[in-house]
Amino acid sequence: MAAALLILHGLVAVALLGAITHQMLATWAPSTARPHSFFGRFRAVHAAGYANAIVGLYVVAALLGAVVYLYFKVDVQPDLERDRHWHALGFLDLKEDFVAIGLGLLPAYWTSWRKPFADEFGRTEAVLTTILGFIVWWGFLVGHAVNDIMGFGS
Amino acid sequence: MPALIFRRFTLAFGTGFALFYVMARAWGLALFTVYPSLGIVLLGMHRSRDVADPAMDFLAPEMWWYGWTATATLGALVIGSIAALFPARWSRWFLPGSVWVAPVLAMMACVYLTIPWFRQ
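Protein sequences appear in the order of chains A and B. Mapping of the first sequence onto numbering that gives the first Met the number 0: residues 0 to 153, in sequence order. Mapping of the second sequence onto numbering that gives the first Met the number 0: residues 0 to 119, in sequence order.
Isolated chain A, as found in the complex:
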C-alpha cells in the first residue's frame, strides 16, 4: 500500500513539476516571436490556463505526501537516524515546512490568476508562481533523494 501511494505521489509530483515549470517560464520569459527552439515552444503556453491544474495537482500531491509521511515516520526514519543521515532528514524537514507554506499560498495564487485580478498589482501572480515553483522543485528533488538514499547513498 505504501509503495503504491509513493509511486502515485511521485507521478502526481512529475505532472505538477511540469505544469509549474511551464507556467514559471511562460510568466518570466514570455515568447514574443514565433517559437522555433525547444525552449521557445516550452515557454509559449497560456500561463493562466495552468492555474487550476496546478492547484489541483498541488493539493493531491500534498495529501498523498501527508499519507506517505506516516509510513515514512514509522518504517524509514528510524533507519535514516541509525545510519546518521542527518542532512537528509534536515532537508526533508524543510520540505514539509515549505509544502505547508505553499498550501497556505494556494488560494491567493489561484485568485491572482483569475481574470479580474491578474496583473492588478504588478507581478503578484508571477512572484507567487515562482515561490510555488521553488517549493515544488525543492520537494521533488529532496523527496527523490530521500527515497533513493538507502540505495545509492548507503
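By construction, these hints were calculated from the structure, which means they are not laboratory data. The C-beta atom is built at its ideal place from N, Cα and C for all residues, glycine as well. A few of these clues could be false.
Claimed, not checked - One-sided excerpt, in silico: chain A residues whose CB lies under 8 Å from chain B:
(1) Gln76
(2) Asp92
(3) Ile100
(4) Leu104
Since the structure of chain A is already known, use the hints to place chain B on it.
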C-alpha cells in the same frame, strides 16, 4: 464585490498562514500530535520522551506537522476573515506585497529552525 472580498481574504490568508506556521513551528503550537505507530491522535503538542521514557521517542515517534498546519490554518482563517471585513482601500497596497514577502520570510525562518539537523 464578493470576488473582491474573497480576493482580500485569500491574500490575508496566505500572509497569515505563513506567519502562523512559523510561530507554531518555533513555539510548539501544534493543534494535535499524531502517533502513527500507535494509531492515535492527541490534542495539543506532546513529546513521548517527556511523558514516558527517552526510549519511547524511538518506539512511538510523534508527528507535529499535521498539528502545525492545522494551527496555521485556523490562525489564517481568522486573519483572512478580519481582512475581508476591512474596506478595500486599506488593504490594496499592503496585502499584495505581504502575500509573497511573508512566505519568503517564513521559509527563511524554517531554514533557521532546521539548522540543528545539520549540526549533528
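Each hint, compared with the structure:
Among the interface hints, the one on Gln76 of chain A holds; its C-beta lies about 7 Å from the nearest C-beta in chain B, closer than the 8 Å criterion. The criterion of a C-beta within 8 Å of any C-beta in chain B is met by Asp92 of chain A, whose closest approach is roughly 5 Å, and the hint holds. Hint status for Ile100 of chain A: holds, given a least beta-carbon distance of 5 Å to chain B, under 8 Å. Because the smallest distance between the Cβ of Leu104 of chain A and any Cβ of chain B comes to about 5 Å, under 8 Å, the interface hint for this residue holds.
Every hint, counting from the list given before, is met by this structure.
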